[in-house]
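> Sequence:
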Amino acid sequence: MSPKFYRTVSPKFYRAVHTYSAAVWFVSAAFMFVMYWPLSHLPLLFALVFGGGALVLGVRDIVRAARGPRQPQKSTH
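Sequence positions in the sequence shown follow my numbering and run 142 to 218.
Hints were generated in silico from the structure; no laboratory data involved.
Careful, some of the hints might be misleading.
As a list, the in silico SDA-like pairs of lysine to any residue whose alpha-carbon atoms are at most 25 Å apart [stated by the list, open to error]:
1. 153 / 203
2. 153 / 163
3. 153 / 189
4. 153 / 167
5. 153 / 164
6. 153 / 198
7. 153 / 186
8. 153 / 202
9. 153 / 165
10. 153 / 188
11. 153 / 211
12. 153 / 187
13. 153 / 200
14. 153 / 185
15. 153 / 168
16. 153 / 184
17. 153 / 209
18. 153 / 201
19. 153 / 191
20. 153 / 190
21. 153 / 206
In this text the structure is predicted, and so the values were computed from the model without any measurement.
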C-alpha cells in the first residue's frame with residue numbers, strides 16, 4: 142500500500158486489516174498441514190515449506206498490527 146494510504150487510515154482500521162490478514166495466513170497454514178500430513182513425504186515437504194511460510198507471514202502481520210501504521214519520515218533538508 143502506498144504511504145499516502147497510511148496517512149489517511151486510522152490505526153484501528155490498520156490493526157484490523159493486518160489481524161484479519163494474519164488470520165487468513167494461519168488458516169491457510171493449518172489447512173496445508175492437515176491436508177498433506179497423512180500423505181507421502183513429498184507433499185509433506187510442500188506443506189512444511191508453504192505452511193511454514195504462511196505462518197511466518199501471519200506472524201509478520203501480527204507484528205505490523207501491533208506496531209500500527211508507520212508515520213511518514215520528515216525530510217531533514
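> Take the hints in turn and mark each one as holding or not.
Here is what the structure says about each hint:
1. Restraint check: the Cα-Cα separation between residue 153 and residue 203 comes to about 13 Å, which is no more than 25 Å; the hinted pair holds.
2. Proposed proximity of residue 153 and residue 163 is supported: the alpha carbons are some 15 Å apart, at most 25 Å.
3. At roughly 33 Å between alpha-carbon atoms, residue 153 and residue 189 are farther apart than 25 Å, so this suggested pair is violated.
4. Restraint check for residue 153 and residue 167: the C-alpha separation of about 21 Å stays at or below 25 Å, so the hint holds.
5. At most 25 Å may separate the alpha-carbon atoms for a hinted pair to count; residue 153 and residue 164 meet this at roughly 16 Å.
6. Proposed proximity of residue 153 and residue 198 is supported: the alpha carbons are some 20 Å apart, at most 25 Å.
7. Distance check on the hinted pair: residue 153 and residue 186 sit about 38 Å apart at the alpha-carbon level, beyond 25 Å; violated.
8. A distance of roughly 14 Å separates the Cα atoms of residue 153 and residue 202; the hinted pair therefore holds under the 25 Å criterion.
9. Distance restraint check for residue 153 and residue 165: the Cα-Cα separation of roughly 19 Å lies within the 25 Å cut-off, and the hinted pair is therefore satisfied.
10. With a CA separation close to 33 Å, the supplied pair residue 153 and residue 188 exceeds the 25 Å bound.
11. Of the pairs offered as hints, the one joining residue 153 and residue 211 holds, with about 13 Å between alpha carbons and a cut-off of 25 Å not exceeded.
12. The straight-line distance between the Cα atoms of residue 153 and residue 187 is roughly 35 Å, outside the 25 Å bound, and the hint therefore fails.
13. Between residue 153 and residue 200 the alpha-carbon distance is near 18 Å, which keeps this suggested pair within the 25 Å criterion.
14. The straight-line distance between the Cα atoms of residue 153 and residue 185 is roughly 38 Å, outside the 25 Å bound, and the hint therefore fails.
15. Restraint check for residue 153 and residue 168: the C-alpha separation of about 23 Å stays at or below 25 Å, so the hint holds.
16. Using a Cα cut-off of 25 Å, the hinted pair residue 153 and residue 184 is violated, with the two alpha carbons roughly 39 Å apart.
17. Of the pairs offered as hints, the one joining residue 153 and residue 209 holds, with about 8 Å between alpha carbons and a cut-off of 25 Å not exceeded.
18. Restraint check for residue 153 and residue 201: the C-alpha separation of about 17 Å stays at or below 25 Å, so the hint holds.
19. Using a Cα cut-off of 25 Å, the hinted pair residue 153 and residue 191 is violated, with the two alpha carbons roughly 30 Å apart.
20. Distance hint between residue 153 and residue 190 is unfulfilled; the C-alpha atoms sit about 32 Å from each other, more than 25 Å.
21. At roughly 9 Å between alpha-carbon atoms, residue 153 and residue 206 fall within 25 Å of each other, so this suggested pair holds.
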